[in-house]
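From first to last, the protein sequence lines are chains A and B. Remember, this note's numbering sits 3 above the position in the first sequence when you count from 1. Remember, this note's numbering sits 18 above the position in the second sequence when you count from 1.
Worth flagging that the hints you see were computed from the coordinates, not collected in a lab. Hints should not be assumed to be uniformly reliable.
What the hints assert, rightly or not - Listed next, the in silico DSBU-like pairs over lysine-lysine satisfying Cα-Cα at most 30 Å (straight line): (1) B:Lys-130 with A:Lys-94; (2) B:Lys-198 with A:Lys-94; (3) B:Lys-158 with A:Lys-80; (4) B:Lys-109 with A:Lys-94; (5) A:Lys-94 with B:Lys-209; (6) A:Lys-94 with B:Lys-24; (7) A:Lys-94 with B:Lys-36; (8) A:Lys-80 with B:Lys-181; (9) B:Lys-201 with A:Lys-94; (10) B:Lys-158 with B:Lys-198; (11) A:Lys-94 with A:Lys-80; (12) B:Lys-198 with A:Lys-77.
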Amino acid sequence: MANNVGIPAGTTISGVELTSVTITGKVDTLIIDPDTEKTMPTHAYAYNDTLELSFEGIDIGFQSTTNTAQVLGKNFKLTSVTLTATAGDFKKVSGRGVHYPKAQ
Amino acid sequence: MRIENKRLAEAFINKSYKVLGLSLKPFSLWHLFLMESAGSPMLQGGQALVRWQDIRWAVSISRSVWPNINWPSGWELAKSLLAMPYPNLYKELYNFNLYLLDHYSIPLIWQKDGDGADQNIDNLGNIVTITTSLVSAGFKLSEVWNMPVGMAYWYFVNAQRLKGAKIDIVSPNEEVAMEKVQKMRQQNDSKGLNS
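Starting from the given sequences, assemble the full structure and let the hints guide the process.
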């Protein structure tokens, strides 16, 4: 499930003027085989809920020590931020982050 | 459908201009080629001293149609000076710069380090490369040389993309962000924070 949310209010990454933000949600599932032929499983488990963030923006002094992003009121741990291109004296950065809802 | 990219719209929609009382043709690849060949100070964005005759020559060039060059004779230069007893050089220069800016709305391109040399608009091609590319794309040579500069660059960049070149044009929302960042920088400069 991917949801391009634009730039929702309250979305901030220190040192980056954001131009796009995308959040993708995923869960892992576990289905228990009932061991009986032609019978639906009775137990299915969803676990490891994860929200993955990817973003792009213009660098306005991003510091490598910045390790969190606030998106939709949730705290994402930044996993990577890279300089991807330049246009004049503007630098384009893109990055990724991750949020585990059940960890909070 | 609304065209979001202001640079693209500006490249294709231009006003009419008069400088020194003379109507100018849309500023074309031919005009750019002639002015670059002559080393015109009019293209140096206020970094060079501009004299009255530089403006007059630039106006003459900007009235040329490929393959002709509309050089003014000494008599024509003198006549047009006599016709304007008190030429306001600042105003004429300002109008000529507006004319250049209006026709020079080329795409802004993100340049990548290392293997992204082909993304640099300056490396993408000189005027003759652009001309050759557009002719091979089906335009007539006269159409290309007389095409406004901005329009020619947009056609050229898209022709390169259709051939498979990876060219990352700055998107409209990125341009909005750039304007915002530029304002922030100017505010910081005025507060002395960037010094």
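Now the hints, each set against the structure:
1. B:Lys-130 with A:Lys-94: Cα-Cα ~10 Å, so holds.
2. B:Lys-198 with A:Lys-94: Holds, at about 14 Å.
3. B:Lys-158 with A:Lys-80: violated (56 Å)
4. B:Lys-109 with A:Lys-94: The given pair, whose Cα atoms are some 36 Å apart, is violated under the 30 Å limit.
5. A:Lys-94 with B:Lys-209: Holds, at about 23 Å.
6. A:Lys-94 with B:Lys-24: Answer holds: Lys-94 of chain A to Lys-24 of chain B is near 21 Å, not above 30 Å.
7. A:Lys-94 with B:Lys-36: The given pair, whose Cα atoms are some 38 Å apart, is violated under the 30 Å limit.
8. A:Lys-80 with B:Lys-181: violated (40 Å)
9. B:Lys-201 with A:Lys-94: At roughly 16 Å apart (the allowed maximum being 30 Å), Lys-94 of chain A and Lys-201 of chain B satisfy the hint.
10. B:Lys-158 with B:Lys-198: violated (41 Å)
11. A:Lys-94 with A:Lys-80: Measuring from Cα to Cα gives roughly 22 Å; hence the hint holds.
12. B:Lys-198 with A:Lys-77: This hinted pair holds, its Cα atoms lying about 25 Å apart.
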